[in-house]
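Novice: Each chain is listed here by its residues.
Protein chains: 2
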Amino acid sequence: MSRAPRLQDVALAAGVSRQTVSNVINSPEIVREDTRIRVIKAIADLGYRPHAAARSLRTRRSSTIAVHLDPYAGGVSGVVLDRFVHALADLAGDRGMRVLLYTARTEAEEIARLGDLLDGGEADAIIITGTYHGDPRTQWLARRGTRFVAFGRPWGDDDHHAWVDVDGAAGTRKAALWAVEHAGPDVAFLGWPSGSGTGDDRESGWRSVVPEGRGVRLVSEESVSAARAVVGEALASGAAFDALVCASDALAMGAHLAAVAAGRPELPIIGFDNTPAAEAMGLSSVEQLPEQVASAALDLLLASGDDRPEDRHVLVEPQLVVRGSADDGQE
Amino acid sequence: MSRAPRLQDVALAAGVSRQTVSNVINSPEIVREDTRIRVIKAIADLGYRPHAAARSLRTRRSSTIAVHLDPYAGGVSGVVLDRFVHALADLAGDRGMRVLLYTARTEAEEIARLGDLLDGGEADAIIITGTYHGDPRTQWLARRGTRFVAFGRPWGDDDHHAWVDVDGAAGTRKAALWAVEHAGPDVAFLGWPSGSGTGDDRESGWRSVVPEGRGVRLVSEESVSAARAVVGEALASGAAFDALVCASDALAMGAHLAAVAAGRPELPIIGFDNTPAAEAMGLSSVEQLPEQVASAALDLLLASGDDRPEDRHVLVEPQLVVRGSADDGQE
Numbered sequence: 001m002s003r004a005p006r007l008q009d010v011a012l013a014a015g016v017s018r019q020t021v022s023n024v025i026n027s028p029e030i031v032r033e034d035t036r037i038r039v040i041k042a043i044a045d046l047g048y049r050p051h052a053a054a055r056s057l058r059t060r061r062s063s064t065i066a067v068h069l070d071p072y073a074g075g076v077s078g079v080v081l082d083r084f085v086h087a088l089a090d091l092a093g094d095r096g097m098r099v100l101l102y103t104a105r106t107e108a109e110e111i112a113r114l115g116d117l118l119d120g121g122e123a124d125a126i127i128i129t130g131t132y133h134g135d136p137r138t139q140w141l142a143r144r145g146t147r148f149v150a151f152g153r154p155w156g157d158d159d160h161h162a163w164v165d166v167d168g169a170a171g172t173r174k175a176a177l178w179a180v181e182h183a184g185p186d187v188a189f190l191g192w193p194s195g196s197g198t199g200d201d202r203e204s205g206w207r208s209v210v211p212e213g214r215g216v217r218l219v220s221e222e223s224v225s226a227a228r229a230v231v232g233e234a235l236a237s238g239a240a241f242d243a244l245v246c247a248s249d250a251l252a253m254g255a256h257l258a259a260v261a262a263g264r265p266e267l268p269i270i271g272f273d274n275t276p277a278a279e280a281m282g283l284s285s286v287e288q289l290p291e292q293v294a295s296a297a298l299d300l301l302l303a304s305g306d307d308r309p310e311d312r313h314v315l316v317e318p319q320l321v322v323r324g325s326a327d328d329g330q331e
Numbered sequence: 001m002s003r004a005p006r007l008q009d010v011a012l013a014a015g016v017s018r019q020t021v022s023n024v025i026n027s028p029e030i031v032r033e034d035t036r037i038r039v040i041k042a043i044a045d046l047g048y049r050p051h052a053a054a055r056s057l058r059t060r061r062s063s064t065i066a067v068h069l070d071p072y073a074g075g076v077s078g079v080v081l082d083r084f085v086h087a088l089a090d091l092a093g094d095r096g097m098r099v100l101l102y103t104a105r106t107e108a109e110e111i112a113r114l115g116d117l118l119d120g121g122e123a124d125a126i127i128i129t130g131t132y133h134g135d136p137r138t139q140w141l142a143r144r145g146t147r148f149v150a151f152g153r154p155w156g157d158d159d160h161h162a163w164v165d166v167d168g169a170a171g172t173r174k175a176a177l178w179a180v181e182h183a184g185p186d187v188a189f190l191g192w193p194s195g196s197g198t199g200d201d202r203e204s205g206w207r208s209v210v211p212e213g214r215g216v217r218l219v220s221e222e223s224v225s226a227a228r229a230v231v232g233e234a235l236a237s238g239a240a241f242d243a244l245v246c247a248s249d250a251l252a253m254g255a256h257l258a259a260v261a262a263g264r265p266e267l268p269i270i271g272f273d274n275t276p277a278a279e280a281m282g283l284s285s286v287e288q289l290p291e292q293v294a295s296a297a298l299d300l301l302l303a304s305g306d307d308r309p310e311d312r313h314v315l316v317e318p319q320l321v322v323r324g325s326a327d328d329g330q331e
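Residue numbers (the numbering used here), protein chains in the order written: chain A, 1 to 331; chain B, 1 to 331.
In case anyone wonders, no lab produced these hints; they're calculated from the structure.
Quick caveat: nothing in here was measured; it's all calculated off a predicted structure.
Even glycine gets a Cβ: it sits at the ideal position worked out from N, Cα and C.
Honestly, I wouldn't trust all of these hints.
[Stated by the list, open to error] Okay, the calculated beta carbon distance ranges per label pair:
no., chain 1, residue 1, chain 2, residue 2, range
1, A, 229, B, 182, 43 to 53 Å
2, A, 233, B, 239, 38 to 48 Å
3, B, 73, A, 233, 36 to 46 Å
4, B, 204, A, 240, 49 to 59 Å
5, B, 303, A, 324, 31 to 41 Å
6, B, 181, A, 212, 48 to 58 Å
7, B, 7, A, 96, 43 to 53 Å
8, B, 302, A, 263, 49 to 59 Å
9, A, 211, B, 94, 44 to 54 Å
10, A, 208, B, 94, 39 to 49 Å
11, A, 212, B, 193, 54 to 64 Å
12, A, 139, B, 204, 53 to 63 Å
[What the hints assert, rightly or not] Derived lysine to aspartate or glutamate pairs resembling EDC-like cross-links, with alpha carbons at most 20 Å apart:
no., chain 1, residue 1, chain 2, residue 2
13, A, 41, A, 9
14, B, 41, A, 9
15, B, 41, B, 9
16, A, 41, B, 9
[As the list claims (entries may be wrong)] Footprint (simulated), chain A over chain B, 3 or more residues, beta carbon under 8 Å:
no., region
17, 8 to 14
18, 84 to 95
19, 165 to 172
20, 210 to 218
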C-alpha cells in the first residue's frame, strides 16, 4: 500500500476490532495469546507504527532534558563527563524526567540541533557543557528564554545564566597543601600551555600555595608520553623536586613513568580527575565529584526563575584522594 | 495563580498579542528587543511553559531510541559501554533520530520504565544491554511487539530477536595466536570464575589455541589488586609462563604490576577492552570496536521485519592492538 498503514488496516488484516489492536499495543497481557500473535503478525506484515506524536498527546510526555554528548575522544579523563551523564540519567529518572542526548561537531550545528529539539517540543530544558568566554550558545539560549544550565563557568562573561562547575583551583590547592606538608616545599606543577580557563584555574590553586621561586612549573600537552618526556628532562636537569601536582591524570601517569625510569618511584605525584586509570596505578588524584555536579545542575533547572543570580551558580569543591604506601584514604 | 499559566496570560501580562508571544518562543530574532525582553520577563514571572505534548503535535517528533544506561560502576572497562552510547548518539543524530537514556536498578524496574516510555509514546525503539540466558526483558519486549535490539547474545535462548554482540572468543584467539608466535607455547590465561557467558566465551578463544597441558589457567575477580596477587603467586610458584592473555584490562594491569615486581617487566600480557588505562600503561589489548556495535545496532533497528532470523544477528570481530617495545601497531 502506498500510504502509511493505519490502526484500522491492522484491525482489518487481523480480523479484530480497533480496540483489540490498541490493547495489543498498550496492554498485551489482557489479550488472548492467539489473538495477540495474529495482531502482532498483522502489525509486522503491514509495517504499521503508531504515530509517535499522536500518541504523545494521549499521555502527557515527561519533562525532557537534552544534554550534549561530545563524540568519544578517548583519553584517560574522558570518563569524567560520562560519569556526569550517568548520574544525570539516574537522578532525572528518579524525578520522573528524561535525558535526551544530542551531538554536534560545531557550535553552529549545536545551535541548529537545539533549535530542532526546542521547536519540536522534544526538549524542555538544556544542559550544555564545555562553556568558555564569549560562548554563543549561552547567549542564544538566554535570548530565546530557554530553561538551561551550563556545566562550566562563563569564564569572564556576564553571569546571566545558571551554571555549575568544579572548583579546580580548590582541588590543586588541596593537592599542593598535602604535598608541602608530606613531601617538602619544592612542589612542582605540570600543566597545559596557558590560555585554557580550566588549565589556568588549576595552576592558580597550586600557585596560591607554592611561592614564586619554589617548585618549577612544567608544561606538556595532554598525553602520557609527552608528559613522560617533559618530566624525564626536568628530573635529569637536577631541579629540586619534592612532589608534583598535575593538571590531569594522563599527565600524572606520564610523570610517574618518568619518575620510575629515573629511579624515583616514590616521588609523590598527584593527578586530577581520579580516573580508573589513576586508581589502577595507585596514584593520588583530585576527585571532581561529577555526581554532585549532576545533582546541582538538576536542582538549578528545577529552581524557580525568581532566584537572585548568585543563587544560580554552584561551584563544587573537589576532594583529594591520597594513594600510595605512606598514606591511604581521602583528605 | 492556581492553574498553570497559558500563552494568553503571558500576552496579557506583557501587553502583546498571542502571536508575538509565540514568535518570542519560536523565532526570537524577528521580535524587537524591548518587546522580546518584556515577553521573556512575563514568561519567567508567570512560570509559563508551553505544553510539551501539545507542541509535539505541531511538529512531528523524531524517532527516539531508548537506551539503558547502567549506573556508573567505576572500573577500568566501564568506558566500553560509554563509547557505545557516544557512537549511538552520534550516528542516530546523523540519521535524524534521538537517543533517550533510561536507568533502572532491577529488571522489574527496567520493564516498568520501558512500559512508561512506550505507553507515553516517548520511545519508538529500544536497545537493551547486558542480556543473559533467560532474560525476561527480551521476552517481554518480543511479546509486546516492540522494535528492539539487544547489545549481547541470548546465550542459549531462542534467537527470536535482533542482537549484536562482540565475538570475544575471536578476540582472545587472536591474542593467544600472537602470543604463541611471538613468545612461546606456554600462554597462560587469567579469567573470571566460570559461569559468566562473556567470561567463558573469552576463555574458549584462548583454549582453542593453547592445548590442555600447556599454559596455566588462572582465576581472579575483576580488580587490579586481586589480579596482581593471583599472578604474583603463579609467577613465584615457578609455573611455565611465556605470555598471559587476560579477560579484561583491569586483570592485565594487575598482571603487569605482578610481572614488574617479579623482575619480569617484559612478560607479554594482553588485556581485553583496549581502555585508555591499558593504552597509558603501554599494554596490548583486544579492541571491541563499540562504534561498529552501535552502527550494527542502528542498522538492525532500521531493517525491515522481513529479514530471516539469521540476518538479524551481528557478531563484531574485535581487533588485537599490540603495544610494547618489540611490536607496535595492530594485527
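Novice: All hints are to be evaluated individually against the structure, with a verdict given for each.
Specialist: These are the hints, each one checked on the structure:
1. 229(A) x 182(B): 43 to 53 Å: Between residue 229(A) and residue 182(B), where Cβ atoms are some 28 Å apart, the hint is violated.
2. 233(A) x 239(B): 38 to 48 Å: holds, 41 Å
3. 73(B) x 233(A): 36 to 46 Å: holds, 39 Å
4. 204(B) x 240(A): 49 to 59 Å: At roughly 55 Å between Cβ atoms, residue 240(A) and residue 204(B) fall inside 49 to 59 Å, so the hint holds.
5. 303(B) x 324(A): 31 to 41 Å: At 53 Å between Cβs, range violated.
6. 181(B) x 212(A): 48 to 58 Å: Holds: the Cβ-Cβ distance is about 56 Å, inside 48 to 58 Å.
7. 7(B) x 96(A): 43 to 53 Å: Since the Cβ atoms of residue 7(B) and residue 96(A) sit about 25 Å apart, the hinted range of 43 to 53 Å is violated.
8. 302(B) x 263(A): 49 to 59 Å: Holds - the Cβ-Cβ distance for residue 302(B) and residue 263(A), about 58 Å, lies within 49 to 59 Å.
9. 211(A) x 94(B): 44 to 54 Å: holds, 52 Å
10. 208(A) x 94(B): 39 to 49 Å: At 45 Å between Cβs, range holds.
11. 212(A) x 193(B): 54 to 64 Å: Since residue 212(A) and residue 193(B) have Cβ atoms about 56 Å apart, the given range 54 to 64 Å holds.
12. 139(A) x 204(B): 53 to 63 Å: Hint holds: Cβ distance 57 Å, inside 53 to 63 Å.
13. 41(A) x 9(A): holds, 13 Å
14. 41(B) x 9(A): With a Cα-Cα distance of about 49 Å, the restraint between residue 41(B) and residue 9(A) is violated, given a limit of 20 Å.
15. 41(B) x 9(B): holds, 13 Å
16. 41(A) x 9(B): Status violated; Cα separation ~49 Å.
17. 8 to 14: violated (count 0)
18. 84 to 95: holds (count 6)
19. 165 to 172: violated (count 0)
20. 210 to 218: violated (count 0)
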